[in-house]
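**Q** Chain residues, written in single-letter form:
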Amino acid sequence: MRLTIPVQYQATFLERRSRTPRSCYLEGIAYAEVREIPVHDVSTAFLVADTSGLSPGLGPVGGRPRRIILHGGQLWRELMDEASFRALVEEKGTDPEAWAEVRYDNPFAPPDGNSLCWMPELDTTTHEEAARQSAAGIREWNDDGGIGRMQEVQLRANRMLAVGGQVFEACEEPCWTVGMHEGEAVVRLAMYGPEAAAALRKLQDASYWHWQNRLPPAQMFHIGREQDAVLCAREMGTLTEPRARRVRIAAKVRILRPDTAVLADDSLAIEEAAWRAWRVLEKHLPSAPRDAGLAIIALRDALDAGGGRATADLGDAVTGIARHWQPKEAAESQRSEIFGDCAHAFHTRGSGGAKYGSHEAFLGHALESCWVASRRWQRRPPDGREWAHLAATPLFTRSGAAEAREIITLAEARELGGQLGASLDADAAAASEGRLRLIAAMDGVSFTGAATADPDTGRIERMVGRAGRPPSRTASAILESHAATLAAQAGAPRMVR
Amino acid sequence: MEALVTFTYQVGYVPPKCHNTRSAHFRGRTAVEIAELARADAAPAFRVASGSNRRFAALEGRPRLVVAHAGRLWAEHGALDVFRALLAAEPPVEGTPFDAAKRLAFTGYDGNRRLLASDTPASLRRQCGELRRLEDDGGAAKTLEIQRRARDILIIGDTVFVRTCEPIWRAANGRLAVSAAPADPGEPFADAGDLYLGSHSACWRADRRDEALASAGKPTGAGPVADGGDEVIEVLDPAYVRFADDSRALAAAAGWIAATLSEHLAAMPRWVVERFYDIREALAATGGRNGPAVVAAVSSFAADGADGPAAEDAAAALARAWEISASALDRWDRRPADGREWQHLGLPLTATLRPNRAGSVREVLDLEAAGVLARAVGADLAWMEQMAAGGRARLLAVDGKKALQTPTSQAAVLVVDRDGMPEVAGSVVREGLGGPEPFTEAAIGHLRQAAGAGLPDDTAPQRGPRT
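Residue numbers (the numbering used here), protein chains in the order written: chain A, 1 to 497; chain B, 1 to 467.
Do not rely on the hints blindly, as some may be mistaken.
Claimed, not checked - The calculated label-pair distances, taken between Cβ atoms and stated as ranges, are:
1. B:E312 / A:A131: 55 to 65 Å
2. B:A379 / A:R290: 39 to 49 Å
3. A:T474 / B:E312: 47 to 57 Å
4. A:R290 / B:E323: 17 to 27 Å
5. B:E312 / A:Q10: 36 to 46 Å
6. A:R290 / B:E312: 26 to 36 Å
7. B:D333 / A:S446: 57 to 67 Å
What the hints assert, rightly or not - Chain A side only, calculated, beta carbon under 7 Å to chain B, not exhaustive:
8. L256
9. E282
10. P286
11. R290
12. I297
These are calculated hints, taken from the structure and not from any lab test.
In this text, all values refer to a predicted model and were calculated from it rather than measured experimentally.
Glycine included, C-beta positions come from ideal geometry on N, C-alpha and C.
Here chain B stands alone, though its shape is the one from the complex:
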C-alpha cells in the first residue's frame, strides 16, 4: 500500500542584518510503500494484553494479536481504515506508527509559534525579508527515517501490524507485568551502575508465568504478589518463544558480580580476586553473554563461600555477590530441558571479538541468538539450529565489520567436526556481501583458537542440561 506521510522538519536560517542562525520548522511530505500480506502468510504467535506496557496495551478491550513473519514478530496496531485516516489527517496527528518511536510526524511545537507558522520558505521570507542564509535539505534525512520506519509496518487484511519484540514476563518488587524482551546484553561488565541485573534476572519467558509469579515476591520478602490479572500473554505457537531468560539472568549476574567485586578488590582476600579474574575473563571469552566459561566461573565463585574481608562494605558486597551467584545458579540449574539452549555443548572460548578487524565470531548457543542471526542474514536457519542443538555441529555467527566495509554484515557458518578437524558444513551470507570465504575462514580460525583455550578453572563443576 502506498501512503502519503506528512511530517515536519527543522531548518536553519539567518535573517537580514543578523549573524546568528535561527531555526524554523517546515512541513514535508513523502510517499512510502507499506508491505501487505495475506492473513495465511503470517503465523499467530502470541495474544498479549497489558495494563502497564503501552506497547502491548489491550486493543478495544481485547488482547493484541502478535504474529510472526519473516523471522520477526509483529503486534497488532489497529484497523487499516483508522490508520489511513490518521495518515491523511491535516495537520498530521499523533497515533500513527511513524509517530511511535521518534515522533517523526510531530506537529506540536510550542516554543515559537511565529516560526511554526512559517512552514514554507516563501512564508519565512514574507516575515523576515530576504534571508542571508537558509539551510534546508527538504527534509531528506527525515524522509529516509520515515521510509525505514515504514518497513516496520505490515498490513494484513484490514489490520495494521507494527514490528515488536518478543513479549515476556517481568517479575519484580511483588508485581508481574508484561514487557518486551530487552535488547542484547552487550557488555555487562562495562558499568557497575548499569541495571543489567534487574533488567535480565527479573525476566521470564512467556510460557513460564508461574515461575515468574513465584519469583516476583522474592526480592521484597513476604507479602502478597499481585497476580497481574490484567496482564495476559497467551502463547499461540511455542516455536516463537525464544527468549533465553536463564542464560541472560546468569550472564547478568556474572556481570553484576564482577562489577561489584571490582569496586572492593583492594580489600578482598586473594581467592575472591582470583574468582573475579575468572569471571572477568569468562565474560571476555563469551563477549559478555552466557557460555560454559561463565557458568564455570560463577560456579567456582559460589562454591568458595562468602567469608572474607574485614572491611564492612567489602564484606557486604561479597555477601551480596555470593547471594546473587547462588540465586542465578539455582535458576540456571532449574532451567527447563526444552532444547532452547545448548550452552553445555559450547566451547570455553565462545566469542572472538575483534572490533577493528574482520572476522568477529560468536558461537550461537541458544534459540534466541539463532533467531537474531537468522534475521541478520535474512534466511531461515532452522536446520542449522537443529544440528547445533543436537551437538552435531557448531553454529557460528560471523561479523565482517570494517574490513569488508559493511558494518552490519553477518554470516552464519555451520561447522562440523570431521576426524578432529573443523569442516564447514554450510554457510549463509547476508545478501549482497559476496562469497562466504572470508566468513568461513574466520569461523575456522575461531574454532582453532578456541581449541587451544581452556576454561579459567578446569576443576569447576560443569552444569549440563537438566535431565
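Extracted from the complex, chain A is given alone in its bound form:
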C-alpha cells in the first residue's frame, strides 16, 4: 500500500547582506510504502475492547473488538480499514480536528501530539512567499526537500502492515493495569514491552513516572491475570479508603494465542519498585532508624548485584522495605514513626494530586510500590515466565563494554531470540525448570550471542550468535567468563521459591 502524505519540513535561507541563516517551514510530499501481508500469514493473538476511555489505542474498532495479530514474532495492533487510514493521512492530514479524533490510531502522530506529517500550529510558506516577505531578498536556499522527514515517515511506515484491507501498527504486549480514576479503582488495558522496560531501566529520577505520565509496573498484570488485577484493585481500595470502594473492570479480552503473552509482570513490578524506592530512600539513610536504614542498604546491594534485575535477593530486599510500611489500618503509628509524615502523602494523592511534585509524594508512591510489588512477588505464579529463584550469583559479568548476564524471564529470552534470529523458547523452558542456564552476551546496546550452560558444573553446552552464526570472539569470551564464574559457584545451594 503506497501512501502519499503531505509533510512539513524545515529549510534555511540567507538574505542578501546577511550572514545569519534564517529558517522557515515548507510543505512537501512524502511517499511511504506499507507492507501488505496475506491474511493466512498472520494469526490473531488477542481480541481487546477497552471502554475505560483511558486506553484509546486499545478500544473497539468500528463497534467490534480490536484485533491484535502476530506476524514475524511481533504483535500488531489493528488501527482501521485502509480507506479510512488513507483518508486520514492523505486527505485530512492538515485538518487539526481530524487529529484530535484519531490521535491514538495514527502511527504518524507520536503520543506527545506532534505529528511527523503535519503540525497544524506551524505556518508554512514557499520559496516565493519567503522571497516576497524578505525586504533585502534571498540570496541562498538550503532546502533538501525534507529528505530527513521523509525517511522518518518511511521508518514509521515500516512499523505498519496492511492485512486483509485493515491497517495494523506494531505494538507491545497488552496487559492489565490498575489505576484510580474519579474515585474508583479501574482495571483496564495498557501495553508494556521491551521499549517501556528499557525506559524503566534508564530510570534516573523518582519523578520519572510522574512526568512521563507512565503507568507504574507495580500496577500492571499479565493479560491472563485479570483476577489478580482485580484483587490488586481491591487491595488498593483498602489502602486508600475511602476513595476506592468500587472496582470497575473497563475492558474485555479474549486470548487466542496465550504463548504470545510473556510479560514478566511481577519481575517488572519488583524492579520498578526497587529502583524507585532506592532513588527516594537513599537520602533518608542518615536519619532512618537502624533497621530501616539497613533495609535500604540491602536494597542497594541487591540492585548492584543483579544489575537492577529482579532476583530473589531483590525480591527479599523490596519485601524488607515494605515491612517498614504496612497498610494504614495495620500500623499507622509505626509508619509515622519510621518515615515521619512522608508516607501519608500517599493517602493525599487521590485528593487532587496537590502533592504530586513534592518529595513526600514520591516517597509515598515509592513505599506504595514496594508494598504492592512485594505482595505480588510473594504470590507470583509458577508459570515459567520468570525463574529468578534459580538464578546464580552474580547475575552478570562485565568486561569493558561487553556484558554477559543470565536470562531469567521468558520475555527476555524472547527478546534475545528475536535479536539473534533464533528461537530460544525450548532453552527458556529448560532454564525455568532448572535444567540449564541461559546466558546472553551484550555489547552495551544489543544482544550479540547466547549460550546455555549446565547448572551444576557451569559447562557451556551450546553457543548461538546472530543470524545462526557463531558468536563473535568478544561475545564468546564474555560468555565463557561468565560460565567460569558459574562453574566456581557450582554446587552452591539453590534458592527455593
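Place chain B on chain A using the hints.
**A** This is chain B only, laid out in the frame that chain A set:
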C-alpha cells in the same frame, strides 16, 4: 560595693504627621551591687598571660591571676580605683566589665548624630514637636542585663575580677595558644559543617602543655612549632584543672565521623553503614557527649579498617573518618590516669533526654561535668564526685525542664547499688525547687532504663583507664 552605671538604650517614636517609627538612643542609669570578697576567701587557681587571647592578655606586663570562688573561676580585670573611674566617667566609656560582653554601656552611635543628641524625651520633643507615639521602657531590659552582669564581677581587696572559663591550651596549625574552655559540646551530630572537631580535638588541659605542643605540628606535617613564649598558663592549684579534653576530643571525633559518613552513606559498604548507626545511636545515648557507648562505637569503626567504596569522594571521606577515629582513640588510650574522668564505669545509656518532659537525666562521668552540675545546683559536690570516681555510686544530673516550670532547674542525685537495686544515697536540689522526689524518681527511672540497654556492639573492645 554599690556602683552607678550609665548606659544608653534604644527607644522608638513616631514624629508628628508620620507613620513610620524612628529610633533614638536615651541615656539611663542604674545602681548595681558588686560583691566584695576577702582575699583569703578566693583560692588562686591559675596565672595566665596570652598574646593572642584578649580575655587572658597580660595585665601591665604580668600574667593575670585567676582565682576560684563559689565553684567558678574569676580572672583579674584591673585595679579597683581604675574601675571606679571608668564607671564614673561621663559620658560612659568602654573598658568596664559591663562593656566586655554585649557593649551594654556603649556610647558611640555614629549613625544619626542628631538623634544621639536627643538623650531625653524632653529634648526629643524640642526637636520634633509633640510626638505621636513614644515607646520608652526606661531602659528596664538593659537594667536587668546590667544587674545580671554585675554578678559576674567580684572585688577582692583592691582588684576587680571578672568571671571567666578555665584556661586551656589550643594547639593547631603549628601554633600553641591560650584559650578559654569551649562551651558544652551539645549535639555534635547536628551539623556536618560545624567545627566541633577543630574546636575540641585541638584543646588540651592547662597542665598538658607538652602534649599540646607536640600535637600542634601534626595537622600541618613538618615544620617548626611556635613555642608560644608569650603564652603562659601557670597552674597554681591542680584541683581546678577540670577540662575533660580527651573526652571532648573523642566525642567530637565521633560526631565528625557520623556527620561525614552521613553525607556519603549511599555509596558506603554495608559495614560502614552499620558502624555509622552504631556511632549515631551511641551519641544519642550519651546526649552527644563522650561515654562508654561512644568509645565502643568509635573503636568498632576503627577496628574494621578503611577499605570500602569505589566512589572517589566517598572513599576519601571514609579514609579521613578512619584516620580521625584512629587519632582520637590513640589520644583516648594515652589519657593520663589522674582520676579526672571515670568513663569506663559509666552505663551504656549515659543520658535520657526528654526535652519536653520532666526528668532528663545524664550520668556524670568526669570532673568537668561534675563542676558544671555543682554550679547549677549551687553546692559543693566533692563527696559525690569522689564516690562516683571510685565506682561506689553513680552521680546523675537531673534536669526538671518544663514540667516543673523551671527551665534551669537542676538536681544532683547520687545512687548506689544495694543488692542489685538502685538506691538514692544523696541528692542536692537547686535552691527554691522544693523536694527531691521528682528528681530522684527520674534518676531511678533512668537507671532502670539503662540497665535494659546494651551497647551497640557488645563485642567491641572496652577501653578502661590507663594503668
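**Q** Indicate, hint by hint, whether the structure satisfies it.
**A** Results of checking the hints against the structure:
For the pair E312 of chain B and A131 of chain A, the supplied restraint of 55 to 65 Å holds, since their beta-carbon distance comes to about 59 Å. Distance hint check for A379 of chain B and R290 of chain A: the Cβ-Cβ separation is about 40 Å, which falls inside the suggested range of 39 to 49 Å. Between T474 of chain A and E312 of chain B the Cβ separation comes to about 29 Å, which falls outside the hinted range of 47 to 57 Å. Between R290 of chain A and E323 of chain B the Cβ separation comes to about 25 Å, which falls inside the hinted range of 17 to 27 Å.
Look at E312 of chain B against Q10 of chain A: about 44 Å separates their beta carbons, and that is inside 36 to 46 Å. In this structure the hint that R290 of chain A and E312 of chain B lie 26 to 36 Å apart at CB holds, the actual value being about 27 Å. A beta carbon spacing of about 59 Å between D333 of chain B and S446 of chain A agrees with the range 57 to 67 Å that was offered as a hint. Hint status for L256 of chain A relative to chain B: violated, with the closest Cβ pair at about 48 Å, above 7 Å.
Because the beta carbon of E282 of chain A sits about 4 Å from the nearest beta carbon in chain B, less than 7 Å, this interface hint is met. Interface hint status for P286 of chain A: upheld, as the beta-carbon distance to the closest one in chain B is roughly 4 Å, under 7 Å. Taking 7 Å as the C-beta contact cut-off toward chain B, the hint placing R290 of chain A at the interface holds, the least distance being around 4 Å. A least Cβ separation of about 5 Å between I297 of chain A and chain B falls short of the 7 Å threshold, and the interface hint therefore holds.
Checked against the numbered hints above, the structure breaks hints 3 and 8 and satisfies the rest.
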